[in-house]
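Here are the chains, one letter per residue:
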Amino acid sequence: MSVGNLASPVPIIQLCYVRLAVSQPQAAATFATEVLGLEHVPNKLEPFLYRSDARYHTLCLSAGAAKPSIGIEINNESDLDQAAKALARAGFSAREATSDECAQRFVRRALIVVDTTGNEIDLVLRPALSGRRYFPSRDAGVTGLQSVGLRSRAIEDDLKLWTILGAAVTDRAGEITYLGIDQKHHRVVLYPSDRAGLVYVSYGVESMDAVMQNNYFVQERQIKIVQGPGREPTSGQIFLRFAGPEGYVFSYSYGLKDIAPRHRPRQFTLEASSLCEWGSECTDVTELQPARAG
Amino acid sequence: MIELRDLSYVRMGTSNLEEAESFSTKCLGLQIGEQSGKALYLRSDDRAHTLCYFEGDPADQTVGFEVDDDTKLNAAAAALDQLGHPVHAGTPTECALRKVKTFIGFSDPTGNRIELVVRPERSGKRYFASRDAGITGFSHVGLHTTDPARDEKFWTTVCNARVSDRIGDIALMRVNAIHHTIALAPGRGPGIHHVNHQVESNDDVLRSYYHLSDQRVPIVFGPGRHPTSGARFLYFQGPDGMVFEYSVGVDEIEDEETHRPRQFGFEPSSLCMWGAKSIRPR
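Read top to bottom, the protein sequences are chains A and B. Quick note on our numbering: the first sequence kicks off at 2 and runs consecutively. Quick note on our numbering: the second sequence kicks off at 580 and runs consecutively.
Read the hints as simulated data drawn from the structure, not as lab findings. Owing to the predicted nature of the structure, the values given are computational and were not obtained by experimental measurement. Every residue gets a Cβ at the ideal spot worked out from N, C-alpha and C, and that includes glycine. Any given hint could turn out to be false.
Listed next, the stretches of chain B that the computed footprint assigns to chain A, with coverage defined by at least 3 CB atoms under 8 Å from CB atoms of chain A [claimed, not checked]: (1) 677 to 683; (2) 705 to 718; (3) 850 to 858.
Which chain A residues stay away from chain B? Per the calculated CB distances, all over 12 Å, these [claimed, not checked]: (4) T31; (5) V36; (6) S94; (7) F136; (8) E176; (9) N216.
When you get a sec, could you build the whole thing from the sequences and use the hints?
Here it is, written out as structure tokens:
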């Protein structure tokens with residue numbers, strides 16, 4: 002998956018999961034299967050665990066968690082130790098997860114890091130895969146967890162964390178910063194904000210047809226479309242962002258471009274057409290509005 | 580048999596030429612080819628015109644098809660006459676108004692005004708759109724029918740149209756490799772159901788969806804995708820209630836000899852596989 006062997010150090014392998022703190026997990030659970038279309042994973046530790054691809058899980062709805070977090074896989078033990086030291090030197094707080102916490106995350110080891118803004122990022126080793134193929138609960142065409150948008154109060158400081166981990170800035174629109182960790186245009190996007198949290202959780206789908214079918218699917222269920230259908234000129238992806246439970250936003254996307262070998266980060270102007278070339282606009286989430294993303 | 584080669588133009592009366600001009604250029608995005616006080620000629624590709632609005636009754640609508648030459652035109656006139664369709668031979672003035680060498684006019688069994696034309700004019704100047712809608716050309720028309728089976732028979736036996744697919748009893752018919760050039764649509768009387776222009780890409784369909792929505796142009800169907808032709812589409816309403824369509828990605832029928840029309844059920848998913856619902860009044 003990684004093409005990052007050229008630059009060193011690149012300990013990051015992939016974005017593996019999202020853990021969402023929810024107060025009413027049952028309602029969120031219904032959304033996960035009936036709207037998102039993910040597959041529920043029966044297990045003894047986490048009652049609200051979901052698959053979207055070959056991985057054991059990519060979404061966990063946690064009633065106990067205080068805030069959402071994302072899981073990032075690190076190549077191996079020594080890379081993780083090295084990352085821990087480098088992050089400590091740069092002043093980021095990080096702690097080793099307990100064995101219970103690792104079990105709940107279905108990983109062998111985890112370092113729980115907090116960025117300057119206050120977003121929790123789990124650096125994990127050996128996240129679990131499943132031997133059984135993914136079987137969705139509805140035909141939404143989901144191919145897998147694809148990317149997340151993170152709120153950032155201090156883009157430059159938060160960027161430092163990602164740079165230590167070997168992520169690369171692929172493009173910027175205003176101060177919105179797209180970060181690549183593998184061959185895809187981005188896996189993490191930092192959005193200027195005044196608070197911590199997730200802007201959206203994005204699941205890849207298999208075609209433009211799937212994005213558009215999901216567009217009418219969520220419309221018919223009176224689910225609020227936050228933005229789209231639209232197309233990002235930076236990444237090329239066609240997207241549909243819609244409201245999930247408890248203020249979370251989910252996205253379906255198709256057509257996320259691969260990054261060219263000699264790609265240099267481009268600066269896009271801060272205007273609506275840099276965020277959607279088709280002309281969709283977002284009225285609810287300030288981070289997705291050009292006026293805010295300065 | 581009358582051999583239709585291609586669509587040539589649509590002519591429509593309008594009660595308000597200024598409004599038609601504004602819509603055609605600011606919304607639809609066509610190029611004004613020629614303009615007089617009483618008529619507006621619009622281009623969508625390398626032809627001199629593919630749409631003409633003239634001062635008159637909005638119900639006065641005509642579709643022009645190109646035939647090979649005068650010999651074929653005369654044979655068509657004789658055949659139609661024999662079948663009892665009154666045929667009108669275009670006068671030189673009428674030919675000039677249509678930018679064609681010769682033409683005949685008649686009505687199909689529903690009463691749609693059809694013209695067969697010889698040598699429609701092309702333009703040496705390339706098409707330059709009035710807005711960046713990505714239009715690549717005028718491509719097909721939807722025609723109302725009061726009796727789908729009877730009209731299908733007319734277009735496929737008197738003319739050379741072939742059925743590509745059917746939705747219920749509604750035939751989508753081709754006259755060349757393009758999936759359909761004539762789409763029949765149930766109606767109470769004669770008239771054009773919609774006028775289609777092809778655009779370059781999916782992006783153009785969606786860009787226009789947002790652009791036209793901003794312009795407060797009523798979107799009556801879409802963005803969507805037809806499972807029959809595979810085209811991504813957007814239908815929207817212009818002056819006098821006429822519906823226009825942008826689409827991209829219409830299949831070509833490659834195996835002319837062996838193609839069998841597919842039968843789709845008469846239900847919404849046969850019209851749009853994405854789940855869009857038409858809101859146009861019937």
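Next item on the list: Please write out, lowest number first, the hints stated earlier that are contradicted by the structure.
Entry: Violated hints: 1, 2, 9; rest satisfied.
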